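Asker: Go by the hints and put chain B onto chain A.
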Amino acid sequence: MSILLTIAHRLAILAYVVFALFPLYWLLKVSVTPNDLLYSEGVRMWPSHATLEHYRYVLENSAFPIFFRNSLIVAGSTALVVTLISSLSGYALSRFTFRGKYAVVALMLITQMFPLVMLVAPIFKMLSPLGLTNSLMGLIIVYTAFNVPFATFLMQSFFDGIPRDLEDSAMIDGASRFTAFRQIILPLTLPGIAATLGFVFTAAWSELLFALMLISGNDSATFPVGLLTFVSKFSVDFGQMMAAGVMALVPACLFFLLIQRYLVQGLTAGAVKG
Amino acid sequence: MTLSTTGSRPRPLKPFARRLADAAEPWLYTAPVLVLIIAVMLVPLILGLSYAFRDIQLLNPFSGGFVGLDHFRELSQDTAFYRALRNTLWWTGASVFLQFFFGLILALLLDKPFAGRGLAQALVFLPWAVPTFLAGLNWAWMFNPVIGPLPHWMVSLGIMSAPNNILADPHLAMWGPIIANVWWGIPFFAITLLAALQAIPRDLYEAAAIDGANPLQRFTSITLPFLAPTIAITVLLRTVWIANFADLIIVMTNGGPADRTQIVASYIFTQAFKRLDFGYASAIALVLLVLLLAYSMVIVVIRQRLIEKD
Numbered sequence: 001m002s003i004l005l006t007i008a009h010r011l012a013i014l015a016y017v018v019f020a021l022f023p024l025y026w027l028l029k030v031s032v033t034p035n036d037l038l039y040s041e042g043v044r045m046w047p048s049h050a051t052l053e054h055y056r057y058v059l060e061n062s063a064f065p066i067f068f069r070n071s072l073i074v075a076g077s078t079a080l081v082v083t084l085i086s087s088l089s090g091y092a093l094s095r096f097t098f099r100g101k102y103a104v105v106a107l108m109l110i111t112q113m114f115p116l117v118m119l120v121a122p123i124f125k126m127l128s129p130l131g132l133t134n135s136l137m138g139l140i141i142v143y144t145a146f147n148v149p150f151a152t153f154l155m156q157s158f159f160d161g162i163p164r165d166l167e168d169s170a171m172i173d174g175a176s177r178f179t180a181f182r183q184i185i186l187p188l189t190l191p192g193i194a195a196t197l198g199f200v201f202t203a204a205w206s207e208l209l210f211a212l213m214l215i216s217g218n219d220s221a222t223f224p225v226g227l228l229t230f231v232s233k234f235s236v237d238f239g240q241m242m243a244a245g246v247m248a249l250v251p252a253c254l255f256f257l258l259i260q261r262y263l264v265q266g267l268t269a270g271a272v273k274g
Numbered sequence: 001m002t003l004s005t006t007g008s009r010p011r012p013l014k015p016f017a018r019r020l021a022d023a024a025e026p027w028l029y030t031a032p033v034l035v036l037i038i039a040v041m042l043v044p045l046i047l048g049l050s051y052a053f054r055d056i057q058l059l060n061p062f063s064g065g066f067v068g069l070d071h072f073r074e075l076s077q078d079t080a081f082y083r084a085l086r087n088t089l090w091w092t093g094a095s096v097f098l099q100f101f102f103g104l105i106l107a108l109l110l111d112k113p114f115a116g117r118g119l120a121q122a123l124v125f126l127p128w129a130v131p132t133f134l135a136g137l138n139w140a141w142m143f144n145p146v147i148g149p150l151p152h153w154m155v156s157l158g159i160m161s162a163p164n165n166i167l168a169d170p171h172l173a174m175w176g177p178i179i180a181n182v183w184w185g186i187p188f189f190a191i192t193l194l195a196a197l198q199a200i201p202r203d204l205y206e207a208a209a210i211d212g213a214n215p216l217q218r219f220t221s222i223t224l225p226f227l228a229p230t231i232a233i234t235v236l237l238r239t240v241w242i243a244n245f246a247d248l249i250i251v252m253t254n255g256g257p258a259d260r261t262q263i264v265a266s267y268i269f270t271q272a273f274k275r276l277d278f279g280y281a282s283a284i285a286l287v288l289l290v291l292l293l294a295y296s297m298v299i300v301v302i303r304q305r306l307i308e309k310d
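Chains as they are written, first to last, in our numbering: chain A, 1 to 274; chain B, 1 to 310.
One chain only, chain A, in its complex shape (with noise of 0.2 Å):
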């Protein structure tokens, strides 16, 4: 009965594995399949012979290392700054009883609560006079914005998780406050900081409804709306789009290995805290 139920468990938890991957696992194999295979072969799972071609031609004849490039700037800035900003306030919110925090926590909450859609014709309309559209500054600052109030309440689980006599007693001993934060509580939260900067990276690196608002023309294009003006003209090549397709995927799935096992544990934290 319990090896029954034990071959129930792995073979359940394999199906969700391929269920996760098999869209993927496509996505790179279509990558790799020449252009004379790909309709002759549509559903065999491994090419009768695999080529890097499409990745070539991407690579050489388009306009992705550029998307890549300005992805990268945008997703990388934003991750930094949001991480750096919030670990300040995320303290702040640890650490201090003060008055008006009530509010601040409440403004962060409300900008988590309604539809960023709505601010789509606004933010446009604020940033044109400031030569902000079609700029990577420009989304770094709006991306910036959106990711701060969840990244706040982030780090402040995190340095709910250190205790407050570390920096008390450093205190004490002279040092100021901003000496203590830096010297001792943020080197105990790099895990925190790792997951963080993960997080915001990640979703930086998706964004997509402000960057098609916001940005027109290849220069300043990220990948999200490179691949899609990709997409939507050159729809017959395939392996092309897809090979794109991987490159793009890269770079999140690496951040993500890295941060996903702060994940659970960050959250247990906050679970048992709360």
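Because the hints were derived from the structure by calculation, they are not lab data.
These numbers were taken from a predicted model, which means no experiment stands behind them.
Yeah, the Cβ is synthetic: ideal placement off N, Cα and C, and Gly gets one too.
There could be a bad hint or two in this list.
Claimed, not checked - Simulated crosslink set (DSS-like; lysine-lysine; CA at most 30 Å straight-line): (1) B:Lys274 / A:Lys125; (2) B:Lys274 / A:Lys233; (3) A:Lys233 / A:Lys29; (4) B:Lys14 / A:Lys101; (5) A:Lys125 / A:Lys233.
Stated by the list, open to error - Stretch-level coverage of chain B by chain A, calculated; a stretch enters the list once three of its residues show a Cβ under 8 Å from a Cβ in chain A: (6) 74 to 80; (7) 147 to 154; (8) 170 to 177; (9) 263 to 276.
Stated by the list, open to error - Some chain A residues flagged as far from chain B (calculated, every beta-carbon gap over 12 Å): (10) Ser48; (11) Arg56; (12) Tyr57; (13) Ile73; (14) Ile162; (15) Pro191; (16) Ala194; (17) Glu207; (18) Asn218.
Answerer: Just chain B now, with coordinates in the frame of chain A:
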């Protein structure tokens, strides 16, 4: 240790400048975040609310005047909007239910220790890291009979009579984005529920087992009550989030065929992005906001009632 040296000295009254600095300290830490949120989220939100009552068309330099409730009058006669509203219910309900159901099962499966759990966990959570636009494209390709296997498999299984693209079929098209959404969203529920499961004290289960409770009884009398608060809050948050989540639909079907997959959020985006009618788009957004707030209120009140009953 250090307390004794500072404690023996009489404490001087803090000078005014010092007290001011102390009071300002939390605000210094939160200032960058607050400035950004106010400038990039709160101000546009208020502007957006005002657009709902104004005639704002991007390409028309003479637009911008107040039109009162005109947009809402137009909206009340807009059959495309009512269809989008119905589609939103269907899209949100099916997605949340399936994500939650499969996410809960996955969390229960992963809660048992087994060899290779770390790896299995990393792999099943991977879809969550896939950028949503790519998840949408990827599934659209899977449903495409030219390069995807799904239509052919469905024919072999007898679900479909010919290998057609379900995204082009008005009656089935909504299932495309829903399946993509379920694939992408299962990990979120699994992660939160797994975290909540791991916070349940293990000795409760041992005590129940000693008392002779069978696995089903242990599940209903220990696991479920412990998970209930997490379930309530994640389902609430996810429902609101998915109702607003237009990426997959815009990428996979763009609302088509014949508006059968247009949800309110994608309709707003289409009005703003394609027709550049910011006023009308903002009016729809305002209605959506009110509906979502009403929904959240109802859930919160129900939850409160249930807590008071206990």
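Asker: Against the structure, test the hints numbered earlier, and report the numbers of the ones violated in rising order.
Answerer: Violated hints: 6, 8, 17; rest satisfied.
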